[in-house]
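Undergrad: Build the full structure now, drawing on both the sequences and the hints.
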Amino acid sequence: MLLAAALTLCAASQGLAQKLNGAGATFPYPIYSKWFSEYSAQHSGVQVNYQSIGSGGGIRQVTAGTVDFGASDGPMTDEQLAQSKVKIVHIPTVLGAVVPIYNLPGVADLKFSPDVLADIYLGKISNWNDARIAKDNPGVKLPDSRINVVHRSDGSGTTYIFTDYLSKVSNDWKNGVGRSTAVPWPVGIGAKGNEAVAGMVRQLPGTIGYVELIYALQNKIQYGYIKNVAGNWVKGSIEGVTEAAASVKSMPADFRVSITNAPGKNAYPISSFTWLLIPNPAVNAANGKVLKDFLNWMLDHGESEASALYYAPLPPSVGDKVRATVAQLK
Amino acid sequence: MVNLKMQPVRVPGPFEAPSPAGEKPRTPPLGAEPSAIRKFLLSRGSSAMVDSAFRWLMLVCALAIFAIVALIFWELTTRSQLTIHKFGIKFFFGSAWDPVNGNFGALPFVFGTLVSSLIALIIAVPLAVGVAIFITEMCPRMLRGPLSFLTELLAAIPSVVYGLWAVFILVPLLREHINPMLIRLLGWTGLFTEPNFGIGMLAAGVILAIMILPVISSLTREVMSAVPHTQREAALALGATRWEMIRMSVLRNARIGIVGSIILGLGRALGETMAVTMVIGNRPEIVRNLLAPAYSMASVIANEFSEASDDMYLSALIEIGLALFLVTIVVNIFARLLVWAVTRGAPARVA
Chain D
1 MLLAAALTLC
11 AASQGLAQKL
21 NGAGATFPYP
31 IYSKWFSEYS
41 AQHSGVQVNY
51 QSIGSGGGIR
61 QVTAGTVDFG
71 ASDGPMTDEQ
81 LAQSKVKIVH
91 IPTVLGAVVP
101 IYNLPGVADL
111 KFSPDVLADI
121 YLGKISNWND
131 ARIAKDNPGV
141 KLPDSRINVV
151 HRSDGSGTTY
161 IFTDYLSKVS
171 NDWKNGVGRS
181 TAVPWPVGIG
191 AKGNEAVAGM
201 VRQLPGTIGY
211 VELIYALQNK
221 IQYGYIKNVA
231 GNWVKGSIEG
241 VTEAAASVKS
251 MPADFRVSIT
261 NAPGKNAYPI
271 SSFTWLLIPN
281 PAVNAANGKV
291 LKDFLNWMLD
301 HGESEASALY
311 YAPLPPSVGD
321 KVRATVAQLK
Chain S
1 MVNLKMQPVR
11 VPGPFEAPSP
21 AGEKPRTPPL
31 GAEPSAIRKF
41 LLSRGSSAMV
51 DSAFRWLMLV
61 CALAIFAIVA
71 LIFWELTTRS
81 QLTIHKFGIK
91 FFFGSAWDPV
101 NGNFGALPFV
111 FGTLVSSLIA
121 LIIAVPLAVG
131 VAIFITEMCP
141 RMLRGPLSFL
151 TELLAAIPSV
161 VYGLWAVFIL
171 VPLLREHINP
181 MLIRLLGWTG
191 LFTEPNFGIG
201 MLAAGVILAI
211 MILPVISSLT
221 REVMSAVPHT
231 QREAALALGA
241 TRWEMIRMSV
251 LRNARIGIVG
261 SIILGLGRAL
271 GETMAVTMVI
281 GNRPEIVRNL
291 LAPAYSMASV
301 IANEFSEASD
311 DMYLSALIEI
321 GLALFLVTIV
331 VNIFARLLVW
341 AVTRGAPARV
351 A
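Residue numbers (the working numbering), protein chains in the order written: chain D, 1 to 330; chain S, 1 to 351.
Calculated from the structure, these hints are not laboratory results. A virtual CB, placed ideally from N, CA and C, is assigned to each residue, including glycine. Among the clues, some could well be false.
[To be verified] Chain D side only, calculated, beta carbon under 10 Å to chain S, not exhaustive: (1) S44; (2) S55; (3) D154; (4) V183; (5) T207.
TA: Printed below as a string of structure tokens:
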């Protein structure tokens, strides 16, 4: 499918094209490339070239003014915005989530309280038959074996979302480790990419890891429940993620908001937006106009295609706010 | 364009080389076609200009190497100014790696790169030299072709394929069979202790060994087959056994080339990224246990570069690149000194 999208992009370049360049996050790349190829097909002469070089690279390129738009899985910091050559507007596009996957033969639907998950990743809980895990899972026979912790070794938005959540639910995590695309992990081994984390968990009994929800759904990997702020046990799902976004009480005007640990009744707590970073005013006025049109198209048509690729679409309340922001783009 | 058409150079041709009477002329008789090379040399005019232009061109090519090395060094140092200023020399001896608080040190990565390469050499060198000896000295003719073809084929496999193979075959093999044995037999050394994940420093060393084996063995084989046959025959004629002959005349004469091939293999091991990342466990820690996860310089750059957004973090990663560059240079200088020490004025010895 990606190949087809790439071919479409190549084909579009043959004509006299209005060419937009973008760069950034890898996580939303599948849906972005689908959107861009469809948009190009419907608007002859428009070609969007998106390079998924990672959020860090996306932020660097857009703040240096070398691309028409950037993309990032984490919002830019105040410091980054202050240093930027151009004024940046954050536009949330879709949502993703991170789920804890584990390998315990014969144990299905394991439940994790937030503090237990944090303490497993802090190394404070190191055995599967720990009393605190047992307390969350009454009636489940837990093996007396070491917990092998696996985390991402590459810098990634997934790690950012996961550590952002752990920072909110555990003070020890917040003060000792912190949130970032790569952190000094207290325990565990690092694996490169979602595939490698899932591979390690599949291979080695007694292992726990975390992957993007899309990855777990597409590959049918078993993942655990998490207790949300409302006190309900929820399993990662597209609906739970959208509800988390809708339940954020005060959405800031610039959309730079973390929606982990959201208050909604069935909100899935380890969720996040992914953003397009739009320079305002545009670097190239003609391209800016096309970009604005694309963003409206995305809100009208693109969002409904998100769940087919296992991304959660923006909840309507957020969509309306985004539409208002897009209208103000120059 | 300079006028290249100058006076034809006098090349003694068939027309002016009178053969001494009574001898059969070595050149073809008059009227016969001269050889292709001679025809070309006779027809092309002077080549003095071309020769000197060629010489300068080659000089530029050679100097380009210096320029490239200098450019790499310059680029790495200018791009890592932030961390060079903040941490100074301590960067290379610090063992923290905390992107959240902007605290960086390269030591665990240097350690991981050096130790995994050392493990690779310890495993690969005896094996590679053994393969080379077998192929050049004692292999049945019908096995020689396939064997050397297969060794060279190993060198052509992309490293990510090695990595995949390691993840799915080597790591489970180590975890289930080899590591428990090592823990039982050699646990007392402290080098092999629990926890046993399968992945870790040892797995990285083993996969590197497999990757550098063909480099070392095919070069060693070339060097060994370049040893003149008379050397072997002389040793055998003096009453040496086959092993003594190999040791005294083949290995001894080929040792410089063998060390050279080991250096090349080491170079590949130091810089290898993909396969190592997939099995080393990616944990920046210095521990004695070889079964524990570790990290290498090339791996951390590949892993974290694309998502490193703040300047200090980026600068730290580039300085890791600088560290890798320096380590490679130091290791190469050290290896050259070793070659020099081994070979300087060596008389024929039996040892």
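Undergrad: Going through the numbered hints above, which ones does this structure break? Give me the numbers in ascending order.
TA: 1
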